[in-house]
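Protein sequences appear in the order of chains A and B. So the first sequence is numbered by our numbering: it starts at 1 and just counts up by one. So the second sequence is numbered by our numbering: it starts at 1 and just counts up by one.
Since the hints were made in silico from the structure, they are not lab data. Please note that a few of the clues may not be correct.
BS3-like, lysine-lysine: derived pairs with alpha carbons at most 25 Å apart [to be verified]:
| hint | chain 1 | residue 1 | chain 2 | residue 2 |
| --- | --- | --- | --- | --- |
| 1 | A | 196 | A | 327 |
| 2 | B | 219 | B | 308 |
| 3 | B | 207 | B | 351 |
| 4 | B | 427 | A | 43 |
| 5 | B | 42 | B | 219 |
| 6 | A | 250 | A | 196 |
| 7 | A | 329 | B | 118 |
| 8 | B | 118 | A | 43 |
| 9 | A | 119 | B | 427 |
| 10 | B | 219 | B | 389 |
| 11 | A | 250 | A | 329 |
| 12 | B | 118 | B | 42 |
| 13 | B | 308 | B | 278 |
| 14 | A | 327 | B | 118 |
| 15 | A | 327 | A | 43 |
Going by beta-carbon spacing under 10 Å, a handful of chain B positions derived as facing chain A [unchecked claim]:
| hint | residue |
| --- | --- |
| 16 | 64 |
| 17 | 77 |
| 18 | 97 |
| 19 | 108 |
| 20 | 114 |
| 21 | 128 |
| 22 | 130 |
| 23 | 162 |
| 24 | 165 |
| 25 | 352 |
| 26 | 413 |
| 27 | 422 |
| 28 | 424 |
Just so it is clear, CB atoms sit at the ideal spot from N, CA and C, and this is done for glycine as well.
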Amino acid sequence: MENIQNFQILWFVLIFILLLGYAILDGFDLGVAALLPFLGGTKEEKDTLIASIGPVWDGNEVWLITGGGALFAAFPHAYATAFSGFYLAMMLVLLALIFRAVSMEFRANDPARATLWEKAFVGGSALAALLFGVALGNVIYGVPLDGQMEFRGNFFTLLRPVPLLFGITGFVAVLLQGVSWAVMKTEGALQARSFKAARILMWINVVTAVIYFSVLLGTFPRLSGNALFYVAIIVTLTGLIGLFFSLRKKNDAAPFWESSFSFIGLFLAAGAAQFPNLITAANDPNLSLTIYNSSTGLYTLQVMAAIALVGMPVVVGYTIFVYRLFKGKARTDNHY
Amino acid sequence: MDALLLARIQFAFTIGFHFLFPMMTLGTSLVILISESLHLIKNDDVYRKITDFFARLLGLIFVVGAATGIVMEFSFGTNWSQYSRAVGDIFGPILAAEGVIAFFLESVFIGVLIFGRKRVSPGVYWVAALMVFLGGHLSAFWIIVANSWMQTPAGYEVSAAGKVFLTSFSDAVFNPSTIVRFTHTVLASWITCAIMVSGIAGYYVRKGLHGETARMMLKLGIILFAITPLVQLGAAHAHAIQVINTQPVKAAAMEGHFNTTRGADIYVIGYVDEDNEKTYGIYIPKGLSFLYNFDFNSEIKGLNDVSKSNWPPVNLVFQSYHIMVALGMIFIALGLLGAWLLWTGKIYTTKWFLFLLPVLIPLPHVAHETGWITAEVGRQPWIIQGLMKTSAAASVVVSRGELIFSLVMFALIYLLLFVMFVLLFVKIIKQGPAVS
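Given only the sequences and the hints, what does the whole structure look like? Please build it.
Right, here's the structure in full:
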């Protein structure tokens, strides 16, 4: 393992896992929030939905923060190029993340303006969920880069059809995460409504997944020889088929896992299309930022690997512990 | 204004705003840990009420801190991409370690602290309080490591191509200023919350609200208020020595000290005329030399040892530093006065002191903000002391127009957050511990 390439590949995989963890975990927070006006008929129902994510969303968001930190540590050029290049888009992401975070707390403490904070919560969550997919779509589909690894497009470069398709695919996957979480954590009329919405969103996900995989294959013909791409398709299809049957049987626990499984497939396909690139140069493949030309030194990658491989299992351990403390149907009486 | 200046204003503004909240988080987590430990030991409901009240407050503080903290992590890439490219080898792993080792811990367990009272056993609840305390302080540790490395870089080599390479992670983490700056910053946070707790409790006691709970809260607050500024005096002294030893230009700017001399004076209050290189004010003769190593004639390096182009804005550093020190001295005096009133049992009836306590709540924030300005402006024109200039660190593709947009955006959002925070902070205090 003295060869630096092994560590560059390891870090590609670890960042992949961190972003996947973020998508699955904060995915359901963002999804529940974005669906709040559609699922929650009354204020009590909305309170229940928010209570279902209240104790856990903070920790879920750290997957993004750690993913960002890991990208900085392992591939600083990719971090620097994407964050400075997509400047206005990143500012919108921050705007969305700030509002979705504070408006939850403000809504609880400021009943006079609760409707306003609720709108900020819903809007911020939905915008964040959409933008993450667009951002990933851009680095995979490719953006114009120069010889100094700098982004040479503008805000509208980011809004091309293929990256937008990534955004929509990710967005509806997040909604499915949210609705299947709601199915698991609620009861009665609210749960019945969530089941109904889950069925609709399942079919929408089937459609977007088919388009997504087809477009990926059309854009990157090399994927036709990549076993991982087929695994990805099978994983997503298995998840969605399982979901179909679970929803028919009114199983309230399985849909969340099946939705997550289907999300993993979407990510695997993106990873298969992207490796070993981090930011594909649309203008000239030789200018692409790859894990080989963008990484830190061997020693940094080794130190970080040690911290991550010891630290992350501990994190996963206590995260499971805390989720178990709040398992079962969401209750609104535990807020203060 | 050029793009570089706009980027610097944006960073100063967003970090200055963010800093308010972690400074409240750490101290509040300490207060919660203390009261929850007492609750577990004594099984007295008064402590549970105190814990629950501050857990509510912490929920508000933490969420604004977390929301504004993400901005900081993004900002190295969005606004300081040349810096990020140059120091990814060292700065990146420190930020990543903060996530893995610290912020996860704090964020996962804070959910238990805020939502878990009726769901978990007292033992588990106490563990959550401990984990939030540990996670928050570890988080502060890694962030201070990152910043200290910019002050006193260590554990690296510079390649022929000018790229910074990590050679020893432990040397980089425990660089010459990490420990002393961590101690100084954590104590500042504890002082902030000692005064916050005393202020809130002082208000309750003066108004005759919340009976025994308010009196216990006041006792807890005053004890911390008496101890923490005194301990800070020692930590701050150690920090000042470290700055004189490892960042002599910053130290000289803090005192407006232009020429290397033996028997350097220390200013109580003053003004620095940078153009004419003179400092006016009231000073203690040979005071700086004496404080440096208790020798009235020890040598203190002056600003003129380096080219004027490598000076920070001297008067700004001088004034920020002196405001911080003056406030620190006031805190020591008032903390000791509070302790004496508590000892003699007069505190619950000394109306003017109870009236004064809530008024003090913003002052520690002024102290830590001016302290932070001293540390960061005092390092200029370097982004990494002696290694990289701030002017070489900014993103190259971010335009002036984009920066104006983002700066206006942050100004508006943060104004809204600030107003809402203050309104809800006051509202939660007015509701008091009784509602829980």
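To see whether the hints hold, each was checked on the structure:
1. A:196 x A:327: holds (23 Å)
2. B:219 x B:308: Outside the cut-off at roughly 51 Å; violated.
3. B:207 x B:351: This hinted pair holds, its Cα atoms lying about 10 Å apart.
4. B:427 x A:43: holds (22 Å)
5. B:42 x B:219: holds (16 Å)
6. A:250 x A:196: Given pair residue 250 (chain A), residue 196 (chain A) holds - Cα atoms ~10 Å apart, limit 25 Å.
7. A:329 x B:118: holds (15 Å)
8. B:118 x A:43: It holds: about 22 Å lies between the C-alpha atoms, which stays within 25 Å.
9. A:119 x B:427: holds (22 Å)
10. B:219 x B:389: violated (48 Å)
11. A:250 x A:329: holds (16 Å)
12. B:118 x B:42: Within the cut-off at roughly 19 Å; holds.
13. B:308 x B:278: holds (14 Å)
14. A:327 x B:118: With a Cα-Cα distance of about 13 Å, the restraint between residue 327 (chain A) and residue 118 (chain B) holds, given a limit of 25 Å.
15. A:327 x A:43: Since the Cα atoms of residue 327 (chain A) and residue 43 (chain A) sit roughly 22 Å apart, the hinted pair holds (cutoff 25 Å).
16. 64: With a closest approach of 6 Å, the residue 64 (chain B) hint holds.
17. 77: holds (3 Å)
18. 97: It holds, given that the least Cβ distance between residue 97 (chain B) and chain A is near 5 Å, below 10 Å.
19. 108: Holds: closest Cβ of chain A sits about 4 Å from residue 108 (chain B), inside 10 Å.
20. 114: Interface hint status for residue 114 (chain B): holds (7 Å vs cutoff 10 Å).
21. 128: holds (8 Å)
22. 130: Interface hint status for residue 130 (chain B): violated (12 Å vs cutoff 10 Å).
23. 162: violated (14 Å)
24. 165: Since the shortest Cβ distance to chain A is 5 Å, the answer is holds.
25. 352: It is violated, given that the least Cβ distance between residue 352 (chain B) and chain A is near 32 Å, above 10 Å.
26. 413: Holds - the Cβ of residue 413 (chain B) comes within 10 Å of chain A, reaching about 6 Å at its closest.
27. 422: Because about 12 Å separates residue 422 (chain B) from the closest Cβ in chain A, which is outside the 10 Å limit, the hint is violated.
28. 424: For residue 424 (chain B), the interface hint holds, since the closest Cβ of chain A sits about 5 Å away, which is under 10 Å.
Violated hints, listed in ascending order, are 2, 10, 22, 23, 25 and 27; each of the other numbered hints is respected by the structure.
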